[in-house]
Amino acid sequence: AQTVTQSQPEMSVQEAETVTLSCTYDTSESDYYLFWYKQPPSRQMILVIRQEAYKQQNATENRFSVNFQKAAKSFSLKISDSQLGDAAMYFCAYRRPGTYKYIFGTGTRLKVLA
Amino acid sequence: GAVVSQHPSWVICKSGTSVKIECRSLDFQATTMFWYRQFPKQSLMLMATSNEGSKATYEQGVEKDKFLINHASLTLSTLTVTSAHPEDSSFYICSALRDSNQPQHFGDGTRLSIL
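Those sequence lines, one after another, are chains G and B. Its first residue numbered 1, the first sequence is counted upward by one per residue in this note's numbering. Its first residue numbered 1, the second sequence is counted upward by one per residue in this note's numbering.
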């Protein structure tokens, strides 16, 4: 069975600095999707970035980028130039093609210090 | 685009009553919707997958008679918590899928408190 692990329950970063959130997963599939979602205090889940496993190039969305290491089954999220609005819970999610279901990690709470 | 609306955002009711939560995709048709439950400081737990025009598929351990799901149209799915009790108090979140190549789009969630 697939599992998703986020080993950092909580992280802190100084405003304008860079922080990396880690995520590892376990699967025997070769093709799948990976996502990072942000859940701010308002509780709505917001898609931050996604990565298709067949793509070798790391996905990037403005200040957010991933380091996707398929062989190591690692999918970390880097947030550059951190802003106060980045403070939230961040969830890593795995999706196997053909099922639409997500498997979520346990989340990492990110605090941004002014 | 891809806006999902969930209503109500917060409901408080007495033990024994039934509560209906609506999930609407406002600007797209969603063939598949999902219902999650989230306990404080925990991750999202998938409860069921809802497909338009067919019965929902429930995850193991989720009581289908307790949590009734109806996906009446391509833009609306409802979750009814029947005879709710305090242990059903939680945060419920829905999501909608536009097509298989798209990510899930989430609603704002509903905080359910049973007294």
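Bear in mind the hints are in silico, worked out from the structure with no lab data behind them. By construction, the Cβ of each residue, glycine as well, lies at the ideal position given by its N, Cα and C atoms. Treat the hints loosely; a few may be bogus.
Unchecked claim - Straight-line alpha carbon distances no greater than 20 Å define the calculated DMTMM-like cross-link-like pairs of lysine to aspartate or glutamate that follow: (1) Lys101/G <-> Glu87/B; (2) Lys70/G <-> Asp99/B; (3) Lys55/G <-> Glu59/B; (4) Lys41/B <-> Asp31/G.
Said to hold, decoys possible - Residues from chain G that keep clear of chain B, each with C-beta distances beyond 12 Å, as calculated: (5) Gln6; (6) Gln14; (7) Glu15; (8) Asp26; (9) Gln39; (10) Gln44; (11) Ile49; (12) Glu52; (13) Thr60; (14) Asn62; (15) Ala72; (16) Asp81; (17) Asp86; (18) Cys92; (19) Thr99; (20) Thr106.
Hint-by-hint comparison with the structure:
1. Restraint check for Lys101/G and Glu87/B: not satisfied, since their Cα atoms lie roughly 25 Å apart, outside the 20 Å limit.
2. As the CA atoms of Lys70/G and Asp99/B are separated by approximately 25 Å, the hinted pair breaks the 20 Å bound.
3. The straight-line distance between the Cα atoms of Lys55/G and Glu59/B is roughly 31 Å, outside the 20 Å bound, and the hint therefore fails.
4. In summary, the hint linking Lys41/B to Asp31/G is not supported, as the alpha carbons are separated by about 31 Å, beyond the 20 Å threshold.
5. The claim that Gln6/G lies off the interface is violated: its Cβ sits roughly 9 Å from the closest Cβ of chain B, which falls inside the 12 Å cut-off.
6. Every beta carbon of chain B lies more than 12 Å from that of Gln14/G, the smallest distance being close to 24 Å; the non-interface claim holds.
7. Consistency note on Glu15/G: stated as away from chain B, and its beta-carbon is indeed over 12 Å from all of that chain's, at 24 Å minimum.
8. Once the 12 Å rule is applied to beta carbons, Asp26/G is consistent with being away from chain B; the minimum gap is 16 Å.
9. Not every C-beta of chain B lies more than 12 Å from that of Gln39/G, the closest at about 9 Å, which undercuts listing it as non-interface.
10. In this structure Gln44/G is not separated from chain B by more than 12 Å, as the shortest Cβ-Cβ distance comes to only about 5 Å.
11. With a least beta-carbon separation of about 10 Å from chain B, Ile49/G fails to lie farther than 12 Å from that chain, contradicting its non-interface assignment.
12. Not every CB of chain B is more than 12 Å from the CB of Glu52/G (nearest about 9 Å), against its label as outside the interface.
13. The beta carbon of Thr60/G sits about 16 Å from the closest Cβ of chain B, which is more than 12 Å, so the claim that it is off the interface holds.
14. The claim that Asn62/G lies off the interface holds: its Cβ sits roughly 17 Å from the closest Cβ of chain B, which is beyond the 12 Å cut-off.
15. With a minimum CB-CB distance of about 22 Å to chain B, Ala72/G clears the 12 Å threshold, and the non-interface call stands.
16. With a least beta-carbon separation of about 24 Å from chain B, Asp81/G lies farther than 12 Å from that chain, consistent with its non-interface assignment.
17. The Cβ of Asp86/G sits about 18 Å from the closest Cβ of chain B, beyond the 12 Å cut-off, so the non-interface label holds.
18. Not every CB of chain B is more than 12 Å from the CB of Cys92/G (nearest about 10 Å), against its label as outside the interface.
19. In this structure Thr99/G is not separated from chain B by more than 12 Å, as the shortest Cβ-Cβ distance comes to only about 9 Å.
20. Listed as outside the interface, Thr106/G is inconsistent with that label: its C-beta sits roughly 5 Å from the nearest C-beta of chain B, within the 12 Å cut-off.
Hints 1, 2, 3, 4, 5, 9, 10, 11, 12, 18, 19 and 20 from the earlier list are contradicted by this structure; the remaining hints agree with it.
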